[in-house]
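There are 2 protein chains.
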Amino acid sequence: MRMKWFAAAGLSLLAMGKELSYTDKGEMVFPEHYREWVWLSSGLGMSYDATAQANSDLSFDNVFVSPEAYRSFMATGTWPNGSVFMLEVRASHNRGSINQAGHFQGDLEAIEAHVKDNGKWAFYSFGKETKPGRLFPRDAGCYSCHEQHGAVDTTFVQFYPTLLKVAQEKKTLEEKK
Amino acid sequence: MRMKWFAAAGLSLLAMGKELSYTDKGEMVFPEHYREWVWLSSGLGMSYDATAQANSDLSFDNVFVSPEAYRSFMATGTWPNGSVFMLEVRASHNRGSINQAGHFQGDLEAIEAHVKDNGKWAFYSFGKETKPGRLFPRDAGCYSCHEQHGAVDTTFVQFYPTLLKVAQEKKTLEEKK
Chain A
445 MRMKWFAAAG LSLLAMGKEL SYTDKGEMVF PEHYREWVWL SSGLGMSYDA
495 TAQANSDLSF DNVFVSPEAY RSFMATGTWP NGSVFMLEVR ASHNRGSINQ
545 AGHFQGDLEA IEAHVKDNGK WAFYSFGKET KPGRLFPRDA GCYSCHEQHG
595 AVDTTFVQFY PTLLKVAQEK KTLEEKK
Chain B
445 MRMKWFAAAG LSLLAMGKEL SYTDKGEMVF PEHYREWVWL SSGLGMSYDA
495 TAQANSDLSF DNVFVSPEAY RSFMATGTWP NGSVFMLEVR ASHNRGSINQ
545 AGHFQGDLEA IEAHVKDNGK WAFYSFGKET KPGRLFPRDA GCYSCHEQHG
595 AVDTTFVQFY PTLLKVAQEK KTLEEKK
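Same order as they appear, the protein sequences are chains A and B.
When you line the first sequence up against the working numbering, it's residues 445 to 621, in that order.
When you line the second sequence up against the working numbering, it's residues 445 to 621, in that order.
Since the hints were made in silico from the structure, they are not lab data.
Please note that a few of the clues may not be correct.
In this list, chains with the same sequence are indistinguishable; a pair is considered to hold if it fits within one copy or across any two.
[As the list claims (entries may be wrong)] The calculated lysine-lysine pairs, modelled on DSSO-like cross-linking and capped at a C-alpha distance of 30 Å, are: (1) LYS462 to LYS609; (2) LYS615 to LYS575; (3) LYS609 to LYS560; (4) LYS572 to LYS614; (5) LYS609 to LYS575; (6) LYS614 to LYS469; (7) LYS615 to LYS564; (8) LYS572 to LYS609; (9) LYS572 to LYS615; (10) LYS615 to LYS560; (11) LYS614 to LYS575.
Produce the entire structure from the sequences given, and follow the hints as far as they go.
Structure below.
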């Protein structure tokens, strides 16, 4: 039945149960197929620092979520245990091929993960590597910022336009700025 | 066997054979699950017009490809018949929630498709609708621009960083600017 549901929803089978696993040192195993997961949105040069330079070394942020978590969110507006978000940071370029204005994406700069396990969220850093990711220390700024500002269960659903509508419908959006 | 392959590759089952179909008027049926397809890249305000204003009404371009076409490209560096690209254009916003600089994505502005069928490519326009898409006339600029500048078989692989590496490895990149 579960496989049938996945097939009907057009979602990945491989990903089931393999999105989140750890080494015996407690590092997160790199989810090598994350670019085939469900993409949520991309931003360019986003910053909560108003003094950030608008045009210096802008990076794109691409966010992907594991297929099973996506399915659950579309049905409930909430994230189940085992949810994995992958943040991919890429360089931006202005001129290239026929492009004369605006920005397109270039080389990988960093990969980070945000995962929910046993009811708790954690962040892992992979850098540019596919080796297991290191846990961000619990006092790192990512934890407090996501807790204070993430609109659904510490995640930035306010920046994912298609999920935002689901959270509004399901009334799971928290009043955060 | 084919289903097994799809499962092993983590790709969609639903999408098989349903990505590209037409009404009896020759319009393209809207592929309602395209946001669960494989995302290729997003650009912001891209233009081949050097006089384009850098900061006025910038839009994001998000490109998705049908899972079966993606699988084929990763194996061969080429696009099979039945390949479907979906271009989603969204508004960009600068200030919102905690964001003070840079751009995040907003409302849908337009959806277009680029499809390969019987060896020929065609473009369809959906606007903001999920109704069947109208064929762009053959003298529309999209055809000549993609033919002249698309780096692989009229597609802009030069702007999709992960596919660009595959095309380089498979030696399917055409010498275009």
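*At 30 Å max between alpha carbons, let me know whether LYS614 reaches LYS575 within a copy, between copies, both or neither.*
Answer is between: at 26 Å across copies they meet the 30 Å cutoff, but 37 Å inside does not.
*asked:* Please sort LYS462 with LYS609 into within, between, both or neither, judging by C-alpha distance up to 30 Å.
replied: both (28 Å within a copy, 26 Å between copies)
*What label fits LYS615 with LYS564 when the C-alpha limit is 30 Å: within, between, both, or neither?*
Only inside one copy: LYS615 and LYS564 sit 22 Å apart there, 46 Å across copies, limit 30 Å.
*Have a look at LYS572 and LYS609 and pick one of within, between, both or neither, based on CA distance no larger than 30 Å.*
between (33 Å within a copy, 16 Å between copies)
*Are the CA atoms of LYS614 and LYS469 at most 30 Å apart within a copy, between copies, both, or neither?*
neither (38 Å within a copy, 38 Å between copies)
*Which holds for LYS609 with LYS560 at a C-alpha limit of 30 Å: within a copy, between copies, both or neither?*
within (22 Å within a copy, 32 Å between copies)
*30 Å Cα cut-off: does LYS615 pair with LYS560 within a copy, between copies, both or neither?*
Answer is within: at 21 Å inside a copy they meet the 30 Å cutoff, but 41 Å across does not.
*With 30 Å as the alpha-carbon cut-off, assign the pair LYS572 and LYS615 to within, between, both or neither.*
Between copies only: 25 Å across, 37 Å inside.
*Check LYS609 against LYS575 for me: Cα-Cα at most 30 Å, and say if that holds within a copy, between copies, both or neither.*
between (35 Å within a copy, 20 Å between copies)
*asked:* Regarding LYS572 and LYS614, is the shortest C-alpha distance of 30 Å or less found within a copy, between copies, in both, or in neither?
replied: between (36 Å within a copy, 23 Å between copies)
*Can you give me the call for LYS615 and LYS575, within, between, both or neither, at a CA distance of at most 30 Å?*
between (38 Å within a copy, 28 Å between copies)
Consistency with the previously given hints fails for number 6 only.
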